[in-house]
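*Asks:* The listed protein sequences derive, respectively, from chains X and S.
Quick note: the first sequence, position 121, residue 121 per our numbering, numbers continuous.
Each number in our numbering comes from the position in the second sequence (counting from 1) with 195 added on.
A hint or two may mislead.
Claimed, not checked - Derived PhoX-like pairs: lysine-lysine, alpha-carbon spacing no greater than 25 Å straight-line:
| id | chain 1 | residue 1 | chain 2 | residue 2 |
| --- | --- | --- | --- | --- |
| 1 | X | K87 | S | K526 |
| 2 | S | K544 | S | K508 |
| 3 | X | K119 | S | K544 |
| 4 | S | K705 | S | K574 |
| 5 | X | K108 | S | K544 |
| 6 | S | K569 | S | K323 |
| 7 | S | K736 | X | K141 |
| 8 | S | K534 | S | K323 |
| 9 | X | K108 | S | K770 |
| 10 | S | K534 | S | K456 |
| 11 | S | K736 | S | K712 |
| 12 | X | K108 | S | K534 |
| 13 | X | K87 | S | K537 |
| 14 | X | K87 | S | K544 |
| 15 | X | K87 | X | K187 |
What the hints assert, rightly or not - Covered stretches of chain X (in silico footprint by chain S; criterion: 3 or more residues with CB under 8 Å from a CB of chain S, positions within the stretch not fixed):
| id | stretch |
| --- | --- |
| 16 | 77–84 |
| 17 | 98–109 |
| 18 | 136–146 |
| 19 | 175–187 |
Honestly, the hints are just simulated from the structure, not real lab data.
Quick caveat, the model's predicted, so the values are computed rather than measured.
No residue lacks a Cβ here, since even glycine has one placed at the ideal position from N, Cα and C.
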Amino acid sequence: MDIIMCGVGGQGTVLASRVVGEAAISQGYEVRTSEIIGMAQREGPVVSQVRIGTRLHGPLIPDASADYLLGFELAEAVRNLDKLEAKGQALVNTHMIVPPTVYLGISKYPNEQLIDYLKEQTSGLVLINANELAAQAGSTKAISAVMLGAFTALCPDIDETMLLRELLARLPQRVQEINTRAFKLGKQFVEGETR
Amino acid sequence: MTRQLLLGNEAIAWGAIAAGVKVATAYPGTPSTEIFSTLANQAKRYGFYAEWCVNEKVALEVAYGSAISGARTLVTMKQVGLNVAADPLLSGTYLGVKGGLVLVVADDPGPHSSQTEQDTRHFAGFAKVPVLDPSDPQEAMEMVIEAFDISEKYHLPVILRPTTRVCHVGQDVNLPEIISRNSEVHFEKGGDWVIFPSVSLRKHGELLESLNTLGQEFSSSPFNYREGQGEYAIACSGVSYHYVKEALQRLNIIDNTEILKISTPYPFPEELAAQYLRQHERLLVIEEQDPVLEDAILRLAGKIGLHLQLSGKHDVMVPGTGELNVDLVTKAIADWSGKNLKSRPIPAKPELPIRRPILCAGCPHRASFYAIRKAAGKKSDVVFTGDIGCYTLGMMPPLSAVDTCLCMGAAITQAQGIGRAEPGRQTIAVLGDSTFFHSGITGVINAVYNQYPLTLVILDNSTTAMTGFQPHPGTGQTATGEIVAAVDLQKVLAGCGVTFIKRVDPINLKEAVATVKEALAFDGPAVVIMERACINLPEVKSSAPVVIDMDKCKDCGLCVTEIGCPALVMETGQKPQVLESCAGCGLCIEVCPFDAIQGGDN
Chain X
1 MDIIMCGVGG
11 QGTVLASRVV
21 GEAAISQGYE
31 VRTSEIIGMA
41 QREGPVVSQV
51 RIGTRLHGPL
61 IPDASADYLL
71 GFELAEAVRN
81 LDKLEAKGQA
91 LVNTHMIVPP
101 TVYLGISKYP
111 NEQLIDYLKE
121 QTSGLVLINA
131 NELAAQAGST
141 KAISAVMLGA
151 FTALCPDIDE
161 TMLLRELLAR
171 LPQRVQEINT
181 RAFKLGKQFV
191 EGETR
Chain S
196 MTRQLLLGNE
206 AIAWGAIAAG
216 VKVATAYPGT
226 PSTEIFSTLA
236 NQAKRYGFYA
246 EWCVNEKVAL
256 EVAYGSAISG
266 ARTLVTMKQV
276 GLNVAADPLL
286 SGTYLGVKGG
296 LVLVVADDPG
306 PHSSQTEQDT
316 RHFAGFAKVP
326 VLDPSDPQEA
336 MEMVIEAFDI
346 SEKYHLPVIL
356 RPTTRVCHVG
366 QDVNLPEIIS
376 RNSEVHFEKG
386 GDWVIFPSVS
396 LRKHGELLES
406 LNTLGQEFSS
416 SPFNYREGQG
426 EYAIACSGVS
436 YHYVKEALQR
446 LNIIDNTEIL
456 KISTPYPFPE
466 ELAAQYLRQH
476 ERLLVIEEQD
486 PVLEDAILRL
496 AGKIGLHLQL
506 SGKHDVMVPG
516 TGELNVDLVT
526 KAIADWSGKN
536 LKSRPIPAKP
546 ELPIRRPILC
556 AGCPHRASFY
566 AIRKAAGKKS
576 DVVFTGDIGC
586 YTLGMMPPLS
596 AVDTCLCMGA
606 AITQAQGIGR
616 AEPGRQTIAV
626 LGDSTFFHSG
636 ITGVINAVYN
646 QYPLTLVILD
656 NSTTAMTGFQ
666 PHPGTGQTAT
676 GEIVAAVDLQ
686 KVLAGCGVTF
696 IKRVDPINLK
706 EAVATVKEAL
716 AFDGPAVVIM
726 ERACINLPEV
736 KSSAPVVIDM
746 DKCKDCGLCV
756 TEIGCPALVM
766 ETGQKPQVLE
776 SCAGCGLCIE
786 VCPFDAIQGG
796 DN
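Could you build the full structure based on these sequences and the hints that come with them?
*Replies:* This is how it looks when you write it as structure tokens:
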């Protein structure tokens with residue numbers, strides 16, 4: 001199983017990929033993750049890749065072969081959509097992080113076209129406002145928890161309890177309650193959407 | 196043995212601990228940084244010594260001193276760091292070591308976060324240092340242990356060369372058992388530790404002999420092997436090995452291919468390769484960066500008189516720049532083997548926003564760059580010489596306050612060259628505190644000595660931010676957390692002979708602008724230290740976000756277009772908005788001509 005997680009530096013894609021990786025190891029799978037650390041972390045586009053299974057090869061997912069795409073940011077989901085398999089499942093946060101180049105007139109952020117493109121080009125798509133759900137849980141910083149909770153509702157192969165446990169293990173005590181709530185809100189949202 | 200998700204860098208650190216490392220040194224640099232951070236965190240527990248050094252040359256020299264005293268020593272850096280450390284490496288390889296000395300030098304094909312795509316395997320060959328090329332975290336961990344053994348057996352430094360897709364790849368790794376070793380560490384006087392021309396000549400001969408023997412030994416190394424069988428032949432190294440295997444599966448020819456995996460590009464395992472080549476006249480070589488393996492095979496074929504049909508970088512079957520991936524390797528193998536490759540056409544995408552790395556919301560040195568621009572005058576042609584680290588990002592519009600960036604410390608020296616070539620052309624050199632300690636000081640001394648009227652702005656954020664907030668000599672904290680006396684920038688500059696040295700908080704914009712203007716006008720080297728800690732440091736508290744008084748706001752948009760802060764947004768025809776990422780630095784308050792923004796630090 002191949003998972004692409006993409007977003008903007010600081011959104012927690014690296015954390016999310018490690019949590020999924022740890023949970024998969026606990027379930028007895030082999031794991032490869034790949035992330036880019038460094039310059040791109042400063043508000044730049046970031047992509048984490050997670051490969052789970054047996055007899056795995058390299059850390060990079062080939063084009064058009066990811067089973068899941070977790071887009072933490074709308075435009076970044078579109079940017080990385082080439083990685084998703086034709087029948088793959090996309091989970092996309094509709095929250096936009098508009099870069100200053102747009103306000104400086106250097107580029108554009110055509111959000112409606114981006115959403116239309118996602119709808120046309122994916123066979124499985126869940127749009128979720130993860131920032132709103134995170135805020136509802138108590139902190140907009142809990143986006144990763146929302147996305148991971150939502151992911152468990154879409155991916156039966158990863159054990160939900162294990163995933164939440166691995167997430168909390170990497171967070172300080174004081175934000176655990178908020179993140180648990182965010183995780184559950186994400187899961188419930190997808191269950192409501194896909195019922 | 197426990198199985199754990201470890202980054203390649205963490206796995207390398209654990210390998211070194213298992214090998215009984217006694218001293219570890221480093222200067223941070225992506226993608227190598229976490230090797231040493233992991234070691235520093237474990238140093239007390241496992242009873243070894245670890246220090247962040249001022250730069251890579253220093254790190255290698257400290258490490259070399261420990262190694263000739265008999266200690267197992269590890270030094271880590273990024274590939275361009277080895278350029279800085281080249282001097283001790285080449286001499287140290289002639290003289291050799293007593294305790295194992297392993298250099299981990301991380302390459303960054305792509306490049307993702309580096310100036311060049313240079314190939315450390317070449318550097319190793321040039322320096323006559325054995326080099327190991329791991330393909331994944333598990334192998335990297337095993338290779339560190341092997342590298343220490345080789346180093347001690349042959350009395351040579353050994354380089355382990357992981358790439359970004361080994362360093363920053365997570366894998367379920369089997370942790371090695373950590374056995375405590377008691378090695379005798381004592382510097383013996385009277386050894387061959389003085390590099391003198393006659394000693395060099397003799398040592399050079401011994402070095403060639405060692406490399407020859409080691410090359411033979413490498414033919415039976417468990418890290419070099421032939422795998423599979425069939426009419427197709429592919430030689431590969433590093434992470435490309437995994438791309439090749441996956442590509443062969445996708446193309447359905449894995450059962451008809453024999454792979455030659457070479458993990459010791461230098462010295463080259465000629466015997467193993469010769470046996471393989473005698474059975475495969477037609478061969479494809481897949482490796483990242485330079486054609487190191489390919490050239491070694493060409494040399495060997497010439498030496499033993501083999502006719503080969505060799506494909507790889509030289510016939511552009513494999514791309515010569517950028518990093519490889521499964522798709523590129525699949526295409527290369529398909530082109531070479533004549534197999535068909537199915538690919539799905541991807542429909543044209545809507546225009547996507549350009550998203551470049553920029554200074555963080557609340558970065559106090561956005562204000563510094565703004566102040567520098569203001570002081571230079573909007574339409575002036577002052578040249579801004581920039582440097583490595585977060586502050587390269589000062590080049591991004593609308594700040595556009597970096598015209599050059601070459602290598603660590605070059606802001607100071609390039610400014611002098613520009614001013615010398617074009618007398619009267621003003622320059623402002625800008626670099627960070629960690630970079631200044633790394634290699635800025637000699638440039639300042641050069642300006643003082645040669646009487647160049649340098650204007651230098653040091654953006655002091657009290658950390659090495661880009662690589663993940665490492666301490667440095669100016670922070671008063673060591674790698675293992677001890678609080679020590681901080682090296683005072685002002686005293687260092689005064690000691691170098693600079694007479695104009697002023698500290699200013701960039702958030703006090705008017706004062707900052709005035710101080711830079713004063714420095715520009717000063718007849719002689721002048722340094723302004725913009726002092727304000729990185730907003731991401733745990734001890735730095737953000738202020739509450741600023742608030743825009745919508746009655747006073749005239750929609751001029753200057754707050755957005757002047758400073759490019761990611762926490763300020765403005766849709767066409769609407770009022771600007773403050774996002775919650777605002778750290779309240781208050782720079783926008785200074786920029787607003789209508790006093791419509793309130794709150795923040797000011």
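*Asks:* Could you run down the list of hints and mark each one as holding or not?
*Replies:* Verification of the supplied hints:
As the CA atoms of X/K87 and S/K526 are separated by approximately 23 Å, the hinted pair is consistent with the 25 Å bound. With a C-alpha separation of about 32 Å, the suggested pair S/K544 and S/K508 falls outside the 25 Å cut-off, and the hint is violated. A C-alpha spacing of about 12 Å is found between X/K119 and S/K544, which places the hinted pair at or below 25 Å, so the restraint holds. At most 25 Å may separate the alpha-carbon atoms for a hinted pair to count; S/K705 and S/K574 meet this at roughly 19 Å.
Restraint check for X/K108 and S/K544: the C-alpha separation of about 13 Å stays at or below 25 Å, so the hint holds. Between S/K569 and S/K323, the direct Cα distance comes to roughly 51 Å. Violation of the 25 Å bound is thereby established for this hinted pair. Restraint check for S/K736 and X/K141: the C-alpha separation of about 17 Å stays at or below 25 Å, so the hint holds. Of the pairs offered as hints, the one joining S/K534 and S/K323 is violated, with about 40 Å between alpha carbons and a cut-off of 25 Å exceeded.
Restraint check for X/K108 and S/K770: satisfied, since their Cα atoms lie roughly 18 Å apart, inside the 25 Å limit. This hinted pair checks out: S/K534 and S/K456 have alpha carbons roughly 22 Å apart, not beyond 25 Å. Of the supplied pair hints, the one linking S/K736 and S/K712 is violated, its CA atoms being roughly 30 Å apart against a limit of 25 Å. For the hint linking X/K108 to S/K534, the alpha-carbon distance of about 41 Å lies beyond 25 Å, and the restraint is violated.
For the given pair, X/K87 sits about 16 Å from S/K537 by alpha-carbon distance, which is consistent with the 25 Å threshold. Between X/K87 and S/K544 the alpha-carbon distance is near 19 Å, which keeps this suggested pair within the 25 Å criterion. Between X/K87 and X/K187 the CA atoms are separated by roughly 21 Å; this keeps the pair inside 25 Å, and the hint holds. Counting residues of the stretch 77–84 of chain X whose beta carbon lies closer than 8 Å to any beta carbon of chain S gives 4, which reaches the threshold of three, so the coverage claim holds.
Check on the stretch 98–109 of chain X: 11 of its residues sit with their Cβ under 8 Å from a Cβ of chain S, so the three-residue criterion for coverage holds. With a threshold of 8 Å between beta carbons, the proposed coverage of the stretch 136–146 of chain X by chain S is violated, since 1 of its residues qualify and at least three are required. Given as covered by chain S, the stretch 175–187 of chain X fails the check, having 0 residues with a CB less than 8 Å from a CB of that chain where 3 are the minimum.
Going through the hint list in order, the structure does not satisfy hints 2, 6, 8, 11, 12, 18, 19.
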